[in-house]
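Listed below are the residues making up each chain.
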Amino acid sequence: MKRILRRNTLILIFAIAFICGVGYFSFELIVNAESWVDQPYNAHVSGSGGLEQAGVIFDRNGYILAETSDGVRVYNENPSVRLGLLHTVGDNSLNISTAVQSKYRSQLSGYNLIWGLNMPQSMRMSHDITLTVDAATCAAAYDVLASYGKKGACVVYNYQTGEVLCSVSTPGYDPADPPHIDETNESEYDGVYLDNVLSSTYTPGSVFKIVTSAAAIENIYDLDSRTWNCTGEKEIGGNTVTCTETHGEIDYKTAMSRSCNIAFAEMAVEMGRDVMNQTAKKLGINDTYEVDDVKTAKGHFDVSKADENQLGWSGIGQYDDYVNPMQMAILCGAIANGGTAVNPTYIKDGSGDLLRLIGFKKPKEHNLMNSTTASQLDEVMRYTVSDYYSSQRPGLFEGLSVCAKTGTAEVGEDKKPNAWMVGYSQDQDAPLAFACVVENAGFGFEYACPVADAAMKAAANCLRNGG
Amino acid sequence: MPDLSIIFDAGVVGLRILLPIYAIVIVYQCYAAMRRRRRSEKPLVTLCNTQTGSVIPILFWENSIGRSKASDVVVSDLAVSRNHCVLLRRSEGWFITDVGSSGGTFVNGVPVEGRAQVLINDVITIGSTDFEFRRGEEFQAPLRSSWFFSKVSDKPAMKAWKLMLMITLFHFFMAVEATFWNDGSNPMSPMVLFGALAAVEWGFFTVTYFALRRVNFELESLALFLTGIGVMLLVRQVERSAYIQLIAAAVGMVMFCVIIKLIEDPDKISRFRFPMMFVAVGLLLTSILFGKITKGAANWIYIGAFSFQPSELVKIIYIFIGAGTLDKLQTKKSLLEFIVFSVICVGLLALMGDFGTALIFFVTFLLIAFMRSGDIKTIILAVAAAAFGVTFVLRFKPYVADRFKAWRHAWQYAQAEGYQQVHVLTYIASGGLFGVGIGNGFLKQVAASESDLVFGLVAEEMGIIVAVTLALSVALLVIYTRAITTRSRSTFYSISAGCAAGLLVVQLSLNVFGATDLLPLTGVTFPFISCGGSSIMSVWGLIAFIKAADERTYSIKR
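Chains G and X, in that order, are what the protein sequence lines are.
Counting along the first sequence from 1, when you hit position 394 you're at 458 in this note's numbering, and nothing is skipped either side.
Counting along the second sequence from 1, when you hit position 114 you're at 95 in this note's numbering, and nothing is skipped either side.
To be clear, the hints were calculated from the coordinates, so they are not data collected in a lab.
Any given hint could be a false lead.
[Stated by the list, open to error] Result set (BS3-like, lysine-lysine): computed pairs, CA atoms no more than 25 Å apart in a straight line: (1) G:66 to X:23; (2) X:538 to X:140; (3) X:309 to G:66; (4) G:479 to G:362; (5) X:50 to G:66; (6) X:358 to G:66; (7) G:369 to G:298; (8) G:214 to G:521; (9) G:362 to G:426; (10) G:479 to G:298; (11) G:480 to G:298; (12) G:66 to X:249; (13) X:249 to X:538; (14) X:358 to X:386; (15) G:480 to G:214.
Given the structure is predicted, the values throughout are model-derived calculations rather than measurements.
Working from the sequences, and respecting the hints, build out all of it.
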């Protein structure tokens, strides 16, 4: 009998192993419960049934963007605010996966490990969230952007704190009345669930000259004394590169302010594939940034297989260059900040332990360039605005000393170009970086600039009035 | 009337918090009752060495005597064989059997042939040592008993009928919760099912208490508690299966009683060995010939509306054939007969192609082979052979390999092979500590949620506390089984009980960890709770062995 008892120890080991396994599973459950709950198929929190218990979403000044009243989710009464912040706040359909209401719906609904999602509706403890966005700025930017009827995006963020003040994406729809999209109207709503600020990439065109400039500052030693001859077009690598104007004999600073393609194409060819690839890599063009659990769309720059003509075109943001609006805003923020960018965030505060539940952390910093390069870019981008843009459009960025670059990116024979404007203000009381893009619209200065102008003025106004 | 609805909601939440605490109390009470009403640790008889005068206490019903250190009575005499003889207690008295010693065993100078009776004051001669067979009272020194039975408080265990009442009340609360299901349809059906369940529970209790006159009911109580939870969970899922499950459980209870009766006399069990082997092979052949192929495995037999998995019953027969009394174990030189039978069984299972069942069978084989022989080398050899076999299976049966593909990568294959596991994880986390309430879960919409994924279903609807409590209540049967090992009336019972408990834990582990992606999902059932007629019958059959190993089952009547 003693022998059997001893052999029974094997079975005891099984039981102990089982108990250890249960312990390990409990540990996994405690660590991962929130991410396990936050799944699109989780029927406990999907549909408006999940949002019925969600808390209030405020903007930075305490305006209510979305709240639940008598079991119904209601959105801000101002249609421009509703539509402008659709992709940031979200709607009842939860189709916009990057919106706060979609990604944090279980936490907003009061999920915690102890109670799970089991509370009857009258007893759920929901959480409120305060976003960094300013409703008025978003509405102002949306009104201008939406007036074109094109796809586009506009983002403005504080490059010192990382707080996003304005984030608008078109096309959108009214979250109070989400459309039913089927085969008959899907072309009308194409790309409507995509937040173009975070999740789209566009051909950059001339805004990419900032990257080429950064490379030239570090690699062409007599840059300031150099001149280029622009005759409107030039044969580079057996094919032509065209310019919008005939600039004649032109120096680096003027080439930037007048956006001379010939000068920048020649710079790119002169520096070569490796330098261009390295600079693009260092400036994070091929990288993604994680903004509140959402990874931004990756840009693209790779000239390893480009011929000389393509290398020239790549230096002026054509070839197969792609950038994401948020990424461009971060790049501008880095220039303004002496080379180091603060990662953007949309989250300012939350009630109870919401910030802990969603795993909110202090924004990270990214070192994109050295301070010398940043200050030279700062100088030339400021010159671009003061020398050229301000004279063309009186009252542009009034009250702000803005450094910027526009872009008009050709995207094909039968399509209008993408209009771009990116930049930042130097003002210490309004440290704002921005990026605006309007797809297939026309000249950057004509279409993106008014959006940027409206957004920057409104955002500066918000900050200067203590918001 | 907003205030009333809040009071109602508070009541619902209160009930959900109450149930986990209540479940813990019930499981605790079941185990507390197992510890009580035991005979005190005293020697049954003693052997007095006539040369030295030292007194050796005989503690067990079956005792091996020999020079080996592992013997129950160690005789350090070079003329004694390592395994010399076996001293057994039967209802007719004490017997001694020589197990092939070189020098032989003598009672009062007469050589022992087969089994010889020993009376008080007889002299047993082993090698050059003489023992006088004396009463147990001769030995006065205190004995240390297993920790499970020591330090038991004097408070008597809860009365069996009170424990049963508590369990029935628990099931009633489940029915109440299920009645206030979100959409409120069929408000009566949980109560009707509860009525049927209570009838089965109390029917079984009445039979055990009055007809079989058993003094203890705690193992049955625990099994009824778990079975009832499984049945009540089904009411808001597939109501029809709840009744089928209940009927199958009732059949299982009958099987439980029959098996206990069948193995009452450990010496007569060997007579059933060959018929049982034929039944087992017959059952397996039936499922190959008439089985319907589901998910690539021909394991199910359909008789009218009922489906049946014969391999579940073969498990019980397998343990039955593998175990044996101590004298038989020590005389029989080889496991040959058992191994031949095992090879036939595993071969038939391979033809069926059910991976989960084959795995459980293999584990049963390992357990019983180890419990019989204690030979770790054989076990390692068998595992190596099995690993070889599994590699072949994975090569030729790609759908089996797919299960392994998703293992520990369930989120990567969330739309394909990991679909079930990620739903389990999401809904376990959604349930929190106290669950969303019976019938309010969404895991029930996932295939096999009531069987393979039932741990997740319990955790979602009743909370992780209940789910873990139920799992541990099954796992702890091992502790109980181990504690009663040396007090069993024969090694037949302690071996079979050990195997049964081990098998329950292995099934439990494969089910719980398979569903939660800690192990590959193999489609093994959670004992008592998973829906499945043949599964519930077989677990009731398995615990019959544990029940039989408890000496109180046969020795004490009310």
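Against the structure, the hints come out as follows:
Distance hint between residue 66 of chain G and residue 23 of chain X is fulfilled; the C-alpha atoms sit about 16 Å from each other, no more than 25 Å. Restraint check for residue 538 of chain X and residue 140 of chain X: satisfied, since their Cα atoms lie roughly 16 Å apart, inside the 25 Å limit. Under the criterion of a C-alpha separation no larger than 25 Å, the hint pairing residue 309 of chain X with residue 66 of chain G is consistent with the structure, at around 16 Å. Simply put, residue 479 of chain G and residue 362 of chain G have alpha-carbon atoms about 23 Å apart, close enough for the 25 Å limit, and the pair holds.
Restraint check for residue 50 of chain X and residue 66 of chain G: the C-alpha separation of about 10 Å stays at or below 25 Å, so the hint holds. A hinted pair counts as satisfied when its Cα atoms are at most 25 Å apart, and residue 358 of chain X with residue 66 of chain G qualifies at roughly 20 Å. For the hint linking residue 369 of chain G to residue 298 of chain G, the alpha-carbon distance of about 22 Å falls within 25 Å, and the restraint holds. For the given pair, residue 214 of chain G sits about 22 Å from residue 521 of chain G by alpha-carbon distance, which is consistent with the 25 Å threshold.
Restraint check: the Cα-Cα separation between residue 362 of chain G and residue 426 of chain G comes to about 23 Å, which is no more than 25 Å; the hinted pair holds. As the CA atoms of residue 479 of chain G and residue 298 of chain G are separated by approximately 24 Å, the hinted pair is consistent with the 25 Å bound. A distance of roughly 23 Å separates the Cα atoms of residue 480 of chain G and residue 298 of chain G; the hinted pair therefore holds under the 25 Å criterion. Between the alpha carbons of residue 66 of chain G and residue 249 of chain X the distance comes to roughly 23 Å, so the proposed pair stays at or under 25 Å and holds.
A threshold of 25 Å between alpha carbons decides the hint, and for residue 249 of chain X with residue 538 of chain X the separation of about 22 Å falls inside it, so the pair holds. Between residue 358 of chain X and residue 386 of chain X the alpha-carbon distance is near 31 Å, which puts this suggested pair outside the 25 Å criterion. Note on residue 480 of chain G and residue 214 of chain G: the hinted pairing holds, with a Cα-Cα distance of about 11 Å set against a maximum of 25 Å.
In the structure shown, a violation is registered for the earlier hint numbered 14 alone.
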